[in-house]
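Going down the list, the sequences are from chains S and R.
According to my numbering, the first sequence is numbered sequentially starting from 1.
According to my numbering, the second sequence is numbered sequentially starting from 1.
Mixed in with the good hints, there may be bad ones.
Distance condition first, Cα-Cα at most 25 Å in a straight line; then the derived DSS-like pairs of lysine-lysine [stated by the list, open to error]:
#  : chain 1 : residue 1 : chain 2 : residue 2
1  : S       : LYS140    : R       : LYS289
2  : R       : LYS140    : S       : LYS140
3  : S       : LYS79     : R       : LYS2
4  : R       : LYS72     : S       : LYS136
5  : R       : LYS289    : S       : LYS136
6  : R       : LYS136    : S       : LYS72
7  : S       : LYS289    : R       : LYS289
8  : S       : LYS482    : R       : LYS482
9  : R       : LYS79     : S       : LYS136
10 : S       : LYS72     : R       : LYS140
To list a few chain S residues with every Cβ distance to chain R over 12 Å, as calculated [said to hold, decoys possible]:
#  : residue
11 : GLU65
12 : ILE86
13 : ASP129
14 : ALA281
15 : LYS289
16 : SER329
17 : PHE368
18 : THR438
Derived by calculation from the structure, the hints in this document are not laboratory data.
For every residue, glycine included, the Cβ atom is placed at its ideal position computed from N, Cα and C.
There are 2 protein chains.
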Amino acid sequence: MKRIFGQNHIGYQESVLGDRVFLGINPKTNEPFETAFIQATKEEVDTALEKAKQAFEVYRLIPVEKRVAFLKAISEKAKANKEALIHWFCTESALPEDRAETELNRSCYQFEYYADAVATGYALEIKHDSANPDRKPAPKPSLMKMNVPVGPVVVFGASNFPFAYSVLGGDVASALAAGCPVLVKAHAMHPHTSSLSAQLILETAREHGMPDGIFSHLLAEDFTVGQQLVQDLRTKAVGFTGSIGGGMALQNLINERSEPISLYAEMGSSNPIVVTKTALANRTNEIAKQISASVLLNAGQFCTSPGLLFVEESAELNHLKAAISRYFSESELQCMLHPGISKRYFERAKEHETCVEVIYKGRSEGNFIQPTLSETGGEAFLSNPKIQEEVFGSYLTIIRCKDASELQSCLRSLQGQLTMSVYAEEQEDLQDLLAVMTMKAGRIIFNGVPTGVEVSFAQQHGGPFPSSLNSYFTSVGWDAIKRFQRPVTFQNFPGAFENKHLKFNENAHFLHFLNGKYV
Amino acid sequence: MKRIFGQNHIGYQESVLGDRVFLGINPKTNEPFETAFIQATKEEVDTALEKAKQAFEVYRLIPVEKRVAFLKAISEKAKANKEALIHWFCTESALPEDRAETELNRSCYQFEYYADAVATGYALEIKHDSANPDRKPAPKPSLMKMNVPVGPVVVFGASNFPFAYSVLGGDVASALAAGCPVLVKAHAMHPHTSSLSAQLILETAREHGMPDGIFSHLLAEDFTVGQQLVQDLRTKAVGFTGSIGGGMALQNLINERSEPISLYAEMGSSNPIVVTKTALANRTNEIAKQISASVLLNAGQFCTSPGLLFVEESAELNHLKAAISRYFSESELQCMLHPGISKRYFERAKEHETCVEVIYKGRSEGNFIQPTLSETGGEAFLSNPKIQEEVFGSYLTIIRCKDASELQSCLRSLQGQLTMSVYAEEQEDLQDLLAVMTMKAGRIIFNGVPTGVEVSFAQQHGGPFPSSLNSYFTSVGWDAIKRFQRPVTFQNFPGAFENKHLKFNENAHFLHFLNGKYV
Chain S
1 MKRIFGQNHI
11 GYQESVLGDR
21 VFLGINPKTN
31 EPFETAFIQA
41 TKEEVDTALE
51 KAKQAFEVYR
61 LIPVEKRVAF
71 LKAISEKAKA
81 NKEALIHWFC
91 TESALPEDRA
101 ETELNRSCYQ
111 FEYYADAVAT
121 GYALEIKHDS
131 ANPDRKPAPK
141 PSLMKMNVPV
151 GPVVVFGASN
161 FPFAYSVLGG
171 DVASALAAGC
181 PVLVKAHAMH
191 PHTSSLSAQL
201 ILETAREHGM
211 PDGIFSHLLA
221 EDFTVGQQLV
231 QDLRTKAVGF
241 TGSIGGGMAL
251 QNLINERSEP
261 ISLYAEMGSS
271 NPIVVTKTAL
281 ANRTNEIAKQ
291 ISASVLLNAG
301 QFCTSPGLLF
311 VEESAELNHL
321 KAAISRYFSE
331 SELQCMLHPG
341 ISKRYFERAK
351 EHETCVEVIY
361 KGRSEGNFIQ
371 PTLSETGGEA
381 FLSNPKIQEE
391 VFGSYLTIIR
401 CKDASELQSC
411 LRSLQGQLTM
421 SVYAEEQEDL
431 QDLLAVMTMK
441 AGRIIFNGVP
451 TGVEVSFAQQ
461 HGGPFPSSLN
471 SYFTSVGWDA
481 IKRFQRPVTF
491 QNFPGAFENK
501 HLKFNENAHF
511 LHFLNGKYV
Chain R
1 MKRIFGQNHI
11 GYQESVLGDR
21 VFLGINPKTN
31 EPFETAFIQA
41 TKEEVDTALE
51 KAKQAFEVYR
61 LIPVEKRVAF
71 LKAISEKAKA
81 NKEALIHWFC
91 TESALPEDRA
101 ETELNRSCYQ
111 FEYYADAVAT
121 GYALEIKHDS
131 ANPDRKPAPK
141 PSLMKMNVPV
151 GPVVVFGASN
161 FPFAYSVLGG
171 DVASALAAGC
181 PVLVKAHAMH
191 PHTSSLSAQL
201 ILETAREHGM
211 PDGIFSHLLA
221 EDFTVGQQLV
231 QDLRTKAVGF
241 TGSIGGGMAL
251 QNLINERSEP
261 ISLYAEMGSS
271 NPIVVTKTAL
281 ANRTNEIAKQ
291 ISASVLLNAG
301 QFCTSPGLLF
311 VEESAELNHL
321 KAAISRYFSE
331 SELQCMLHPG
341 ISKRYFERAK
351 EHETCVEVIY
361 KGRSEGNFIQ
371 PTLSETGGEA
381 FLSNPKIQEE
391 VFGSYLTIIR
401 CKDASELQSC
411 LRSLQGQLTM
421 SVYAEEQEDL
431 QDLLAVMTMK
441 AGRIIFNGVP
451 TGVEVSFAQQ
461 HGGPFPSSLN
471 SYFTSVGWDA
481 IKRFQRPVTF
491 QNFPGAFENK
501 HLKFNENAHF
511 LHFLNGKYV
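The shape of chain S in the complex, shown without the other chains (with noise of 0.2 Å):
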């Protein structure tokens, strides 16, 4: 076991040098936790960055075996200390005992998931032009086209996966799969969740020989440690999930550097679900239970949670509304992640309500909730753009489109947005939908809900601004390794040092042109 004594850790140094603190909180009670944590200073912080800087130089060059096995042994580590992970994950974020554990599993999966696109050689993405030394007037060169490493990368996690989007989550195991050093800004919804797993990442550098900075792990509750690391030219690339404010909030402070770098925000969704007159009638009840399923799930506190349902009208809407008003109303209540987020919840929904009719309103006791359904006809919902701004946490609003037109023009102008659903039959005709669907989001679902972002290779888990702030880009598959690679590429290079790389890719795909085709 480890110890939580709310101490940072600059790389392998523990560090308690702020005189700034703060309480974890128990969402089920409001009361707090014991432990103070302390926040970074200033020095904390640039030491950090100096020795991810110092790390990063080690880490790119030393052989890809050890950094996947690195990988991998994180992923161990994590089933090993399975048991106080789930304590504090489920202690801090009142989520279910079920969920923590399919999440802790999902972020170990990650790990090894990430250390096989490393082995594979996927990562480096090889590209490979022949030399042709009698092509005139000028030979043409070989070309090599290959990944490197951006450099130190500052990941700021999500209150809602203290696991998956954490410490242990995505972005710090793509861009460690990268070859690049991280710098965590713990969350301080879970802080001790976030500290409890940096120590197990740094147990399993260590115990890998990992250079000193190669991670580091730095608590704050206010925006000065963000600023400093976002700000700071030792950092090269920032992975960001949470609000839209805060995402834009981090890209201004980004705006101000002489060296512009990228951010990899994902922001807000409503995930809008389609249902056509024809799926409508024929599923009613199976469409309002998924629907529904969806919504409820962990509090609807997931950036694909579905808030908005888009359906034309017609005799079967007021089944739908009664179905999933009877779903809603006969589910339990559940304890939002964090005071702060179940205040929000209600402060949005009380601004929602002023724009749209009510169905069915949930009950709530503290920080425990059930959905609320709500309604609004088309010609309303153009005319308001408020009415489409999320609200985090379940809630759903229907709304009514008087023909397909006028439901076309709803699409029309919509934000993007990570997800968007369409009911339908398979023999409908959905080239309009289509059409407007791919231009306003990330991930088009045929015939089912937005929640469970499969974590595989042609996954999509990014779109249009404001759901991202860089929709060429995915947090989620394979792919999201990419957001911490740029591609160099060597001219004329010694056929021994082509081999060198190629050899190690011999077994994976990489593409090779030739002749004017690629193979």
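Once you have looked at the hints, place chain R on chain S.
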């Protein structure tokens, strides 16, 4: 023959609403040309943006074969108008006819080349995960990921490539290939070439039934048109080639937008060359000749022209200096692109020469120059960051390092570069040199000069800041298309939908993930 009367092209509409005019200048004589070019008004720019937005809705959905045919036809059209194009290219830029011909061939090739990237399916970058309905606890969905165009793209052409980085250039070709409409801010140093090129694209677009607004050409001498273009929310990406000052000014304007977008700016680079002691001893004259030819090429007006030459102290260094001085002094005077460019060249050379020692001072007459060779010691280089700032045009500075350690320090002190070269023998251990070069450059060349950017699959043209603003992307090679596309994943879509896209790609490469391996 097209008519050039100083008009803007707002989609298919010729437009001359403004009252601000500017003239082209013959750099050989400093005489202005006759035609008054009329700066686009705020209303004209607004109309062009609205047309682009509307055109995008059509263009992104037309069958891919039509897009491919359109791109190829632009190449044909340019070839058919070769004489007029080359006439204006040479007249406005003072570049020689053989260069004009080479550059036009490259431009035409690029349109065909990006058409192939679309035709083969490469541009879609399809990735596929098969479903597994039997997986426990939850079925695995099918996922198909592919790229979609982002929307209207604004392109700022470069002064030094009136074809290949201007209206008929790689940014325009790759954006059109991606499925995006393009708005070009014409470069005021070659308005005739730019205007003629625009008319050829528009004529081809009409012949291929492309929507009005797929292409616009806007004239401006000052910054206002560019500012309006990049700050308008209908613009979804920007391509720029020019100075660091110009690129950063654009980035600052973009930072004021409520919706962030990517600026792909290729800015300055000194393209350092390192010659090892062994290589210098073995091949003094050959190396001097190659490097001199590269510096001399078209008065050094390339983003990849070499400006810094690093060598360790050795007996052969004096021979190298003498040989380069001889090549420089024997070279003919070459006219620079524009009086503005030569003025800046003389200013920068003067500034630079307050920090270095001149070995051979090139002659000059009006806008005609001969290269200058200067030198400095490693210690001086390390203590004065101004020495590494680019002098745009033929200008080479030798940095004498007292040993390998000082050389390493000098290389570590470099800003980001588009390229770095190393002249060495195959048996030499280059590990330390390559370790620093991969962190500093986008392309690394073995025994060769940086000029001559192969338009090829595995090319990387774009390096760490400030050589580029976004080093994750390239402006040359098929991957340049990715600057104007973002990925979308389709989850659980019916086989018929998936097959339509996979079939399109059947003869091409795509990645299919099956049973834990990608194949």
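A quick look at each hint next to the structure:
1. S:LYS140 to R:LYS289: Roughly 20 Å between the alpha carbons, so the hint for LYS140 of chain S and LYS289 of chain R holds.
2. R:LYS140 to S:LYS140: Roughly 46 Å between the alpha carbons, so the hint for LYS140 of chain R and LYS140 of chain S is violated.
3. S:LYS79 to R:LYS2: Distance of about 72 Å is beyond 25 Å: violated.
4. R:LYS72 to S:LYS136: Holds, at roughly 23 Å.
5. R:LYS289 to S:LYS136: holds, 21 Å
6. R:LYS136 to S:LYS72: holds, 23 Å
7. S:LYS289 to R:LYS289: The hint is violated at about 76 Å.
8. S:LYS482 to R:LYS482: It holds: about 13 Å lies between the C-alpha atoms, which stays within 25 Å.
9. R:LYS79 to S:LYS136: Since the Cα atoms of LYS79 of chain R and LYS136 of chain S sit roughly 20 Å apart, the hinted pair holds (cutoff 25 Å).
10. S:LYS72 to R:LYS140: Answer holds: LYS72 of chain S to LYS140 of chain R is near 23 Å, not above 25 Å.
11. GLU65: holds, 18 Å
12. ILE86: holds, 18 Å
13. ASP129: violated, 4 Å
14. ALA281: holds, 19 Å
15. LYS289: holds, 16 Å
16. SER329: The claim stands: SER329 of chain S keeps its Cβ more than 12 Å from every Cβ of chain R (closest is about 26 Å).
17. PHE368: holds, 26 Å
18. THR438: For THR438 of chain S, whose nearest Cβ neighbour in chain R is about 5 Å away, the distance does not exceed 12 Å, so it is violated.
The earlier numbered hints that this structure contradicts are 2, 3, 7, 13, 18.
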